Amino acid sequence: MLTRYANPARFMALSSWAMPLAAVLAVAAFAIGLPWGLLYAPADYQQGESVRILYVHVPAAWWALGIYTAMTVASVMSLVWRHLLADVAARAMAPVGAAYCGLCLVTGSLWGEPTWGTWWVWDARLTSMLVLFLTYLGYLALWASVEDETRAARLAAILCLAGFINIPIVRFSVEWWSTLHQGPSLLRQGGSAIDPSMLTPLLIMAGAYAAAAAAIVMALMRAEIYRRRAMAAATRRAAQPA
Amino acid sequence: MTAPFADVAAVFRRDLKLAWAAGGGAATPVAFFLGATTLVPLAVGADPRQLATIGPPLVWITAALAALLVLERLFQADLEDGSLDQLLLASTPLELIVLAKGAALWTAVGLPLAVAAAPIAIALQAPVAATPVIVAGLLLGMAAFIGFGVLGAALAAGVRRGGVLIAILVLPFFAPPIIFGAASAAAAASGTPSDAFLLLSGCAAAAVALGPLGAAAALRFQAE
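Sequences listed follow chains A and B, in order. Quick note on numbering: the numbering used here labels position 187 of the first sequence as 187, and the sequence is numbered without any gaps. Quick note on numbering: the numbering used here labels position 212 of the second sequence as 212, and the sequence is numbered without any gaps.
No lab work stands behind these hints, which were simulated from the structure alone. Small disclaimer: the values here were computed from a predicted structure and weren't measured. In this text, a Cβ means the ideal position worked out from N, Cα and C, and glycines have one as well. There could be a bad hint or two in this list.
Just a sample of chain A residues kept apart from chain B, beta carbon distances all over 10 Å, derived [as the list claims (entries may be wrong)]:
id : residue
1  : 24
2  : 36
3  : 107
4  : 114
5  : 131
6  : 138
7  : 151
8  : 159
9  : 166
10 : 173
11 : 174
12 : 206
Computed list of chain B residues with no C-beta within reach of chain A, every gap over 10 Å [unchecked claim]:
id : residue
13 : 77
14 : 139
15 : 155
Some but not every residue of chain A turned toward chain B, in silico, with C-beta under 8 Å [said to hold, decoys possible]:
id : residue
16 : 121
17 : 125
18 : 126
19 : 145
20 : 146
21 : 163
22 : 168
23 : 169
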């Protein structure tokens, strides 16, 4: 039993200070980034005040993709090394990624109405984000449906890998339609196309989202490890004659 | 110990017999296909011009949903009655056995659905000249749907009433074949050249190659 929890024990020791630290960083970055983006950053010369939605929207989109990638890495580790901590991590990341993805879709819709004149278009970027959201939902549904936890973890890992292949395929297949969503503005040849007065609050918000995700994921992982320890302890007690 | 080919052929024959033996086999999805497409003109009206634009894509959507219907029992019955344990013990790789089961499903259900699409597409005002492309596209499309479908069916094999779960798991994977399949059908209906058919073939090849790999991995965990 001790060897099985050797690595989770190390994780518990690490996360006992890393989780509060991430939470504090997240609160601090939101406290700076939110007022900066929503109140003090300049309005866009074309989009006007509605550009402020993007300080909420863009980091959500980045990390919805980033978290799915991290889940895929955890799933590979789960399938290759059968590592308990990888299962717990992938499971803990899924609801956060799904929430970011949902937030990205909702804020994008709110931004699209004043800017593009429509709540929703079946554009390549929007459609592939929606498919990513559906993939998150399927992943969570599979976890919820399979009772045996180890089996649920392995099956969900297979689904996660398959979804990771599907998402770029969907992305390129919907490129067929003329795309309304803009191309990348930050990581492109010739440097960022965003003015520093807007880029700085955007990057602070991206940091806030990352820190918040790290804090929530670690909290969920700790709760899950405590739950498993409690169940193992209950099983041991039940097995011992009084 | 038998040769892999003999095992694969035996599984193919067995699943084909089972598909046709149990409650009409392929007749049920085809009847669903017919019933669901009948609702289309009832909802959008009988205007032939309007039907001509949305008819071929709706044939594709309905055929994809019909393919979902048959996935639930694909591995569940094998898991319940112990056949899966026997298949795992066989010297033939499980991937090949899953491929054989998928091929049997394609023959028993995919092929009749694709053929049934011809009269349905014509009834929905697709040009008669476009129906060979629609049927050929659906033959490939069914291979793609079943390829991804066996993965979903294997993941949900141990889940009671897993049909809805399979649909949720598999529908995101249906996006690429639906895009290219419906595009190839629409291009054929309007007479414009398009390479959607080639991309649809690519989707089908990827699904047939990767679906059984994932499904076999999932089934090994189901039997553990």
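query = Can you name, in rising order, the numbers of the hints this structure does not satisfy?
reply = Those not satisfied are hints 5, 6, 7, 8, 9, 10, 11, 15, 16, 17, 18, 22.
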